[in-house]
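Chemist: Given next are the chains, with one letter for each unit.
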Amino acid sequence: MAVLLSILVLSIDQYTDKLKSFRGYVSLLIVPLQYGVDLPISSVQNLSDFLLSYQSLHDKYTALQAEQANNQLKLLKFSALEQENIRLRTLFESSFKLGEQVLVAELVSVNLARYEHQVLVNKGERFGVHEKQPVLDALGVVGQVTNALPLTSEIILITDPNHAIPVQVNRNGLHTIALGSGQLNKLILPFLPNNADIVPGDLLITSGLGGVFPQGYPVAEVVSFTVQPDKPFAIIEAKPKAALNTSRELLIVWKNQSMIPLGSKSMTATDYAED
Amino acid sequence: MLRISHNNTLIYWLSVGVAMALTIIPLPFASLNLMPDWVLLVLIYWSLGRPEDFNIDKAWCVGILIDVLSGQLLGQHALAYVMGLFLVLKQHKMIRQFSIIQQSLVLGLILFVAQVVLFWIVHINHDISLSAFLWPVLTGILCWPLVFITLNKVRTLL
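Chains as they are written, first to last, in the numbering used here: chain E, 38 to 312; chain D, 122 to 279.
Next comes chain E alone, as it looks inside the complex:
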């Protein structure tokens, strides 16, 4: 009886998403447990934050201020570039995608399945998180939301063996797909020929194809390129940019689906009038 029920549940969950709400309700039962396991770990971290000396805090503060000034400067230039980009796109009469909104979610330190690279964060459906949302950290792409439960959500990392992300070489715009390797510091690019124009040190950014990840975020850096003369494809390995095993704060991204058409002539005119 129980066996039949299990098989029924298994097949329903495999082929449909009818059990999603059930999973949500059951997850409410186990959230206290997850937070209970996370509590000692996060409190140790909070304590170590609390015990930072004045000197080191001050040093950190000055360093951060310098960095902030630096970033601000870059941003100034960036906004100018963005405007220019919009103007150029207007010339081509193509649309421009709006920026993204983000929500900061904190990692709950628990492990999910041992053969998967998945993490749990403390923001769920109640914050409007939904499946297939891209997740970033300060350095690059982390992964995407696989299960949005009421209070938490599960995120698959880009290094999971079952995950693939469409990428682009930043230097020359070469498109390919990066697969997870099952190791936290490695991505594999199995679909590039032996004569592909790619060298160690190249930055891979999201290409925006596939529609899940917004275009232009850093994903990984190529570390090795091995030619296989007897095979059609080369072995290329890359190292994820995001601090997959250390970052505690993750950013869940909302893409604005609506494109703003900038092709209208009047706008072009005013734009140029301003110049």
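The hints are simulated quantities; they were obtained by calculation from the structure and are not laboratory data.
Backbone N, C-alpha and C define an ideal beta-carbon position, used for all residues, glycine too.
Mixed in with the good hints there might be a few duds.
Said to hold, decoys possible - Facing chain E, from chain D, some residues (calculated, C-beta under 8 angstroms):
no.	residue
1	Ile146
2	His247
3	Leu251
Said to hold, decoys possible - What follows is a set of in silico ranges between Cβ atoms, one per label pair, in the way DEER data are often shown:
no.	chain 1	residue 1	chain 2	residue 2	range
4	E	Ile272	D	Leu263	34 to 44 angstroms
5	E	Lys97	D	Gln223	54 to 64 angstroms
6	D	Trp134	E	Ala100	45 to 55 angstroms
7	D	Thr271	E	Asn231	54 to 64 angstroms
Chain E is fixed; fit chain D onto it per the hints.
Modeler: The following block gives chain D in isolation, referenced to the frame of chain E:
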């Protein structure tokens, strides 16, 4: 052994909760494969001690909880636990007579069955080798005396 059932139920769920917590404790990636299936060990303990109270149905519910806990396909742990516990319940009178070492070995067989069931299901969606599922069997055998003695202590204390 002859305690009020209510008290035992409380300890049952408490011990299962602790086992679940042990399952999700974050550990370095390499040692994850070595973790025994704590929950299954605890379930086996209870179904040996009080087969009439802690039976297949409860094991199934716990299995579903574990599936949600680990974000997996619903029902895989439920099925594995049901299979394992069915074997235990069939033979619980015999297994109870064994010394703790003999018990460990018999349980090894049961853990193996459960892990193989789990492997089959996981294998549908993941390309993964069986060896990752055999470590928990071995460590489960080694950890059984620990679980057994600890839970016996807890049960007599309360």
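Chemist: Range hint 54 to 64 angstroms: satisfied by the CB atoms of threonine 271 (chain D) and asparagine 231 (chain E)?
Modeler: The hinted range 54 to 64 angstroms holds for threonine 271 (chain D) and asparagine 231 (chain E), with Cβ atoms some 58 angstroms apart.
Chemist: Answer holds if the nearest beta-carbon of chain E is closer than 8 angstroms to that of isoleucine 146 (chain D); otherwise answer violated.
Modeler: 6 angstroms, holds
Chemist: Quick check: does the Cβ-Cβ distance between isoleucine 272 (chain E) and leucine 263 (chain D) fall within 34 to 44 angstroms?
Modeler: Cβ of isoleucine 272 (chain E) to Cβ of leucine 263 (chain D): about 39 angstroms, so the range 34 to 44 angstroms holds.
Chemist: For the restraint on leucine 251 (chain D), tell me whether the closest CB of chain E is nearer than 8 angstroms.
Modeler: 12 angstroms, violated
Chemist: Quick check: does the Cβ-Cβ distance between tryptophan 134 (chain D) and alanine 100 (chain E) fall within 45 to 55 angstroms?
Modeler: At 50 angstroms between Cβs, range holds.
Chemist: Is the shortest C-beta separation between histidine 247 (chain D) and chain E less than 8 angstroms?
Modeler: 6 angstroms, holds
Chemist: Do the beta carbons of lysine 97 (chain E) and glutamine 223 (chain D) sit within 54 to 64 angstroms of each other?
Modeler: 59 angstroms, holds
Hint 3 from the list above is the single one not met by this structure.
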